[in-house]
Amino acid sequence: MNKKCDVLIIGAGGAGLTAALTAKESGANVIVLTKEYPTRSQTCMAQGGINAALGNAGEDSVEDHIANTLKSAHGQADEEAIKFMCSEAPKAIEWLDSIGVCFSRTEASSIAQRALGGASASRACYAQDYTGLKILHTIYDRCLEADIEIQNEKYLLEILKDEEDVVCGAKVLDIRSGEVEIYEANAVIIASGGYSRIYDKNSTNSTASTGDGIATALRAGAELIDMEFVQFHPTGLKNSSILISESARGEGGYVVNSKGERFTKELAPRDVLSRAIDAEIKKGESVFLDIRHLGEKLIDEGLPQERKLAKLYENVDPVHELMPIRPVAHYTMGGILVDRKSATTLKGLFACGECANHRVHGANRLGGNSLLEIVVFGKEAGVNAALYAKENARTTSVKTDTNSVIDEIKEYENILDFYAKREHLGNLFYTNVGIVRTKEELQVALGEVQAIKANISKLGVSDSSKKYNTNLVEFIEFKNSLDVCEVVVSSALKREVSCGAHYIV
Amino acid sequence: MKISIKKDDGFVSYESALEDATLLELLNDIKQTKDNTLAFSSGCRSSVCGSCSMRVNEVEVLACSYKIQEGDIVEPLKNVPVIRDLVVDMDKAYSFNIKAKAWLSKISSEIQLDSQDAKTNEVQSDCILCGSCYSACPVYAVNGEFIGPFSLTRVWKYASDKREVDVEQKMNDVQTNGIWDCTLCGNCTVVCPQNISSKADIEMLRMKSAQYGLMDPNFGSFDGGFGFDGSPSF
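Those sequence lines, one after another, are chains A and Z. Per our numbering, the very first residue in the first sequence carries number 1; after that it's consecutive. Per our numbering, the very first residue in the second sequence carries number 1; after that it's consecutive.
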């Protein structure tokens, strides 16, 4: 029996859940599917803050927020979309505050704000260094209050379309049972996150950021845009790629080489700083983040996670020692092309969050703008999908079977280990489709992706269990990553002039 | 390094060359190079997503923040259904957040929070819903309807927000199978990777309940409990 709803949302991070709340408020019957649990999504990892020109820590204006965002975007953004996002920002913060997000506050009872790179004012509202976690959990609690149906551990396999090429639902794998299920809907919102894990271990992201929604939308015929724009965060821990938040530099941290010399401006935009660090590393230097001078009290109050993670993964205590760092893949600006109403090029399909490209980040995203984007455009996607679903109510049932890519994978030979291929490709992408790119290196990477794709049937899955088969899910994620990789490197080859995060020599 | 992992068919021993690694790094190594069938959950690798909670030597840990030791015995969480190997079904535990109405119910827009107010429930809002506390809770082990540690902490998070207008209703929602059923053993506090004390939060909920005349029903069952002069009247 197929499940039916007005608006089906794939992904339960900040964007998906905000969309769910507003779609429901707009009168739609909503189901949310997630391959994990809602509170485990990538949003929980955002630390630094969420931008809004509130002016609580010195003078600021919406106009300055717009100007900073536009500058960082390097001409690749939609100015109207940026104006909309920045103007909505104070309202977004007001809403988050009203539902109980535990923002850090000033003694004068206003929401505290701090400086992040590329901003002309202290504009990022924060909740210690748990900003994303606290926003996500509070929105989740709101969804429970609104009685929104959330189905955990359902993995997207296909976006379904009817005879007229209109999106009408999704085919998903119930990870627990191993059964393939059909969800019918008048509108579908993809909110499944970005694709930083195409760089495998060279990424700050959760292992779940494999670009599933983007690859699936692409296969269904949706247009992708600006996929070559990948943001490398300057301060990943050297060995584990664990993120040390930009707030460490916002609070006054230094970037130094092994001689203890500062060689760059710490609060430059992320792409500029990443290139400076990358160049220093290529000179044979080691690079460190130094926050010792901030003092134990400030570190424990403002950067508690950073201290814990540096101790755990690098065996250094940043109160007394330097943290070894390198730039790693952190955020993907590219994604599914959407218009101002979050509608994709496929009728009935909407997208929001990191998987979508509302063209507000352009070639380089500013710190503090991604949490803002998921709230502002999550809301837009929810409202517009609900409206569309109402105006395009489906009268006939969806005709489809439960055959899927899983049947195909069962026939694969499985003589080559895909985990080894995944690691190999991630490392190749880090060097060849990374911080500094050359045409020749890009072509090598493209050749490699195409070779793996051509030989995909030599890879495969060893675990034959139907129940909770993570070997299978990880393989499908890898397949999705391959589709995404091909577009990323092809788009990078087409853009012959450096722009923002895409730097070609 | 040799460790033992509880799979569906019993304990399996694995050898690994990894040293000074987190349990999650070890599990990934086993999964990718030795046993593709091993099932476990993970996500952020940095202790904020709550996916990789499990037990090592009978103590709840996050695999991503636990450093492996020779001879470790790894098992899934207790008191929740095991789906496969180290993967458990958290749906029921999460549903207590709905049962306990763990959200802001009615907010006053007139009250502004200052930096001290923001600290009131800062720790409670650090919760990552990893479920370690449910696994360690002896009350939840025998009463599957007990609202349980993380949900009660969440209720206190919202009830202690100065802007919440209907605190009394929030207290009413946690009386049955809630705050009075806890034995204050403190197991939840010991295992919490975020240093949250649900025990302390439950004590706060009890005090707040008492302010609204909501008392421990177990006293009531002794026909009045204490007399007006404070002496026991059995």
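Just so you know, the hints here were simulated from the structure itself, not pulled from any lab data. Don't take each hint at face value.
[What the hints assert, rightly or not] Okay, derived cross-link-like pairs now, DSS-like style, lysine-lysine, Cα gap no bigger than 27 Å in a straight line: (1) Lys-467/A to Lys-106/Z; (2) Lys-311/A to Lys-92/Z; (3) Lys-106/Z to Lys-311/A; (4) Lys-3/A to Lys-99/Z; (5) Lys-208/Z to Lys-467/A; (6) Lys-2/Z to Lys-297/A; (7) Lys-161/A to Lys-347/A; (8) Lys-91/A to Lys-106/Z; (9) Lys-297/A to Lys-3/A; (10) Lys-119/Z to Lys-92/Z; (11) Lys-466/A to Lys-7/Z; (12) Lys-201/A to Lys-83/A; (13) Lys-92/Z to Lys-467/A; (14) Lys-31/Z to Lys-311/A; (15) Lys-92/Z to Lys-7/Z; (16) Lys-4/A to Lys-494/A; (17) Lys-439/A to Lys-201/A; (18) Lys-410/A to Lys-119/Z; (19) Lys-390/A to Lys-71/A; (20) Lys-311/A to Lys-119/Z; (21) Lys-106/Z to Lys-119/Z; (22) Lys-162/Z to Lys-101/Z; (23) Lys-421/A to Lys-34/Z; (24) Lys-238/A to Lys-106/Z; (25) Lys-208/Z to Lys-101/Z; (26) Lys-101/Z to Lys-201/A; (27) Lys-31/Z to Lys-3/A; (28) Lys-453/A to Lys-92/Z; (29) Lys-494/A to Lys-439/A; (30) Lys-101/Z to Lys-467/A; (31) Lys-282/A to Lys-421/A; (32) Lys-421/A to Lys-31/Z; (33) Lys-201/A to Lys-421/A; (34) Lys-297/A to Lys-308/A; (35) Lys-4/A to Lys-347/A; (36) Lys-238/A to Lys-101/Z; (37) Lys-458/A to Lys-99/Z.
As the structure is a prediction and not an experimental result, all values here were calculated from the model.
Structure-based check of each hint:
1. Lys-467/A to Lys-106/Z: violated (43 Å)
2. Lys-311/A to Lys-92/Z: violated (35 Å)
3. Lys-106/Z to Lys-311/A: violated (42 Å)
4. Lys-3/A to Lys-99/Z: This hinted pair holds, its Cα atoms lying about 25 Å apart.
5. Lys-208/Z to Lys-467/A: Roughly 45 Å between the alpha carbons, so the hint for Lys-208/Z and Lys-467/A is violated.
6. Lys-2/Z to Lys-297/A: Violated, because 40 Å separates the two Cα atoms, which is more than 27 Å.
7. Lys-161/A to Lys-347/A: holds (9 Å)
8. Lys-91/A to Lys-106/Z: holds (19 Å)
9. Lys-297/A to Lys-3/A: violated (53 Å)
10. Lys-119/Z to Lys-92/Z: Measuring from Cα to Cα gives roughly 30 Å; hence the hint is violated.
11. Lys-466/A to Lys-7/Z: With Cα atoms ~16 Å apart, Lys-466/A and Lys-7/Z stay inside 27 Å; holds.
12. Lys-201/A to Lys-83/A: violated (36 Å)
13. Lys-92/Z to Lys-467/A: holds (19 Å)
14. Lys-31/Z to Lys-311/A: With Cα atoms ~26 Å apart, Lys-31/Z and Lys-311/A stay inside 27 Å; holds.
15. Lys-92/Z to Lys-7/Z: holds (22 Å)
16. Lys-4/A to Lys-494/A: violated (41 Å)
17. Lys-439/A to Lys-201/A: holds (24 Å)
18. Lys-410/A to Lys-119/Z: The given pair, whose Cα atoms are some 54 Å apart, is violated under the 27 Å limit.
19. Lys-390/A to Lys-71/A: Judged against 27 Å, a Cα distance of about 39 Å means the pair is violated.
20. Lys-311/A to Lys-119/Z: Holds - the C-alpha atoms of Lys-119/Z and Lys-311/A are around 25 Å apart, at most 27 Å.
21. Lys-106/Z to Lys-119/Z: Roughly 21 Å between the alpha carbons, so the hint for Lys-106/Z and Lys-119/Z holds.
22. Lys-162/Z to Lys-101/Z: holds (17 Å)
23. Lys-421/A to Lys-34/Z: Measuring from Cα to Cα gives roughly 16 Å; hence the hint holds.
24. Lys-238/A to Lys-106/Z: Violated, because 46 Å separates the two Cα atoms, which is more than 27 Å.
25. Lys-208/Z to Lys-101/Z: holds (17 Å)
26. Lys-101/Z to Lys-201/A: Not OK: Lys-101/Z and Lys-201/A at ~39 Å, beyond 27 Å, violated.
27. Lys-31/Z to Lys-3/A: Outside the cut-off at roughly 34 Å; violated.
28. Lys-453/A to Lys-92/Z: violated (41 Å)
29. Lys-494/A to Lys-439/A: holds (10 Å)
30. Lys-101/Z to Lys-467/A: Violated. Lys-101/Z to Lys-467/A sits at ~32 Å, over the 27 Å cutoff.
31. Lys-282/A to Lys-421/A: Status holds; Cα separation ~26 Å.
32. Lys-421/A to Lys-31/Z: holds (15 Å)
33. Lys-201/A to Lys-421/A: holds (13 Å)
34. Lys-297/A to Lys-308/A: holds (14 Å)
35. Lys-4/A to Lys-347/A: holds (18 Å)
36. Lys-238/A to Lys-101/Z: violated (43 Å)
37. Lys-458/A to Lys-99/Z: Violated, at about 49 Å.
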